[in-house]
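Can you build the whole structure from these sequences, using the hints too?
There are 2 protein chains.
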Amino acid sequence: MAKASVFMAKAIDLALENVELGKGGPFGALIVQNGEILASGANLVTSLNDPTAHAEVVAIRAACAFKSEFQLTDCDLYTTCEPCPMCLGAIYWARLRHVYFACTAADAADAGFDDRYIYEQIARAPADRAIPFDSLMRDEALACFAAWSAKTNRVNY
Amino acid sequence: MAKASVFMAKAIDLALENVELGKGGPFGALIVQNGEILASGANLVTSLNDPTAHAEVVAIRAACAFKSEFQLTDCDLYTTCEPCPMCLGAIYWARLRHVYFACTAADAADAGFDDRYIYEQIARAPADRAIPFDSLMRDEALACFAAWSAKTNRVNY
Chain P
270 MAKASVFMAK AIDLALENVE LGKGGPFGAL IVQNGEILAS GANLVTSLND
320 PTAHAEVVAI RAACAFKSEF QLTDCDLYTT CEPCPMCLGA IYWARLRHVY
370 FACTAADAAD AGFDDRYIYE QIARAPADRA IPFDSLMRDE ALACFAAWSA
420 KTNRVNY
Chain F
270 MAKASVFMAK AIDLALENVE LGKGGPFGAL IVQNGEILAS GANLVTSLND
320 PTAHAEVVAI RAACAFKSEF QLTDCDLYTT CEPCPMCLGA IYWARLRHVY
370 FACTAADAAD AGFDDRYIYE QIARAPADRA IPFDSLMRDE ALACFAAWSA
420 KTNRVNY
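Residue numbers (my numbering), protein chains in the order written: chain P, 270 to 426; chain F, 270 to 426.
Hints are computed from structural coordinates only; laboratory data are not their basis.
It does not matter which identical chain is used: a pair holds within one copy or between any two.
Listed next, the in silico DSS-like pairs over lysine-lysine satisfying Cα-Cα at most 25 Å (straight line): (1) Lys420 with Lys279; (2) Lys420 with Lys292; (3) Lys279 with Lys292; (4) Lys336 with Lys272; (5) Lys279 with Lys336.
The following block contains the structure:
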């Protein structure tokens, strides 16, 4: 079995174990660097009361904590399902190198998860979304970016 | 000043303070329930080495921890900037009621943040993204959803 398949099989095991233990949804993920597993994660939303604790986010946070870095530029992600928009965003912010996924967003939707719905919502303008988005005080808030730009010792990310 | 403006002014203060303290990017957020602040957050990406620690995610996680719930259905979010795709996903998973934002994603891009780029990437098919996405072992991974569907005492989210 090719190495990629070994990692994905491990992610699937994590997902199955997670369902068995009742810790959260049927999702598992691994972060791999130089052919070695750096961190793993399973969906812990309901057990941790954390809606952001998807397998990919859990694995990314664990890998960053392990490396004491906020980017994972030379790392790959293995996940049992195509990432939802939240996780896709996290993958880009972490600047992962490559993503391997097994099930699709459509499979997740068929199993009752909101991934596809959220993808549809993201594509809309703020005013057309199911959750109302209203803008206020933009002029005042631009001071935050001005302060950031003026800060000489800022840490960009 | 209307109450919404009071909350947004507080979020702006959090963002400015965050830049001053050097804890992360120029972003602040509040979760409000029944007209009271339930939790707050600032961007802690670089100080926590956590690429998911955007102000909105930090505030959502704090509010959920406070309520011991994984959804915030009767809560509103105030954020100094239009949420990035990761945070937008988190907002939908948390099922927030209303979002108020100040600066736009374009303002964030002008200040050097990747929000708009990630929105563009999300709209693409997996094969067309800057980070390569490859599918493997879908058939094997469908067992995760089958196990989930067969679990009688599962906690849906």
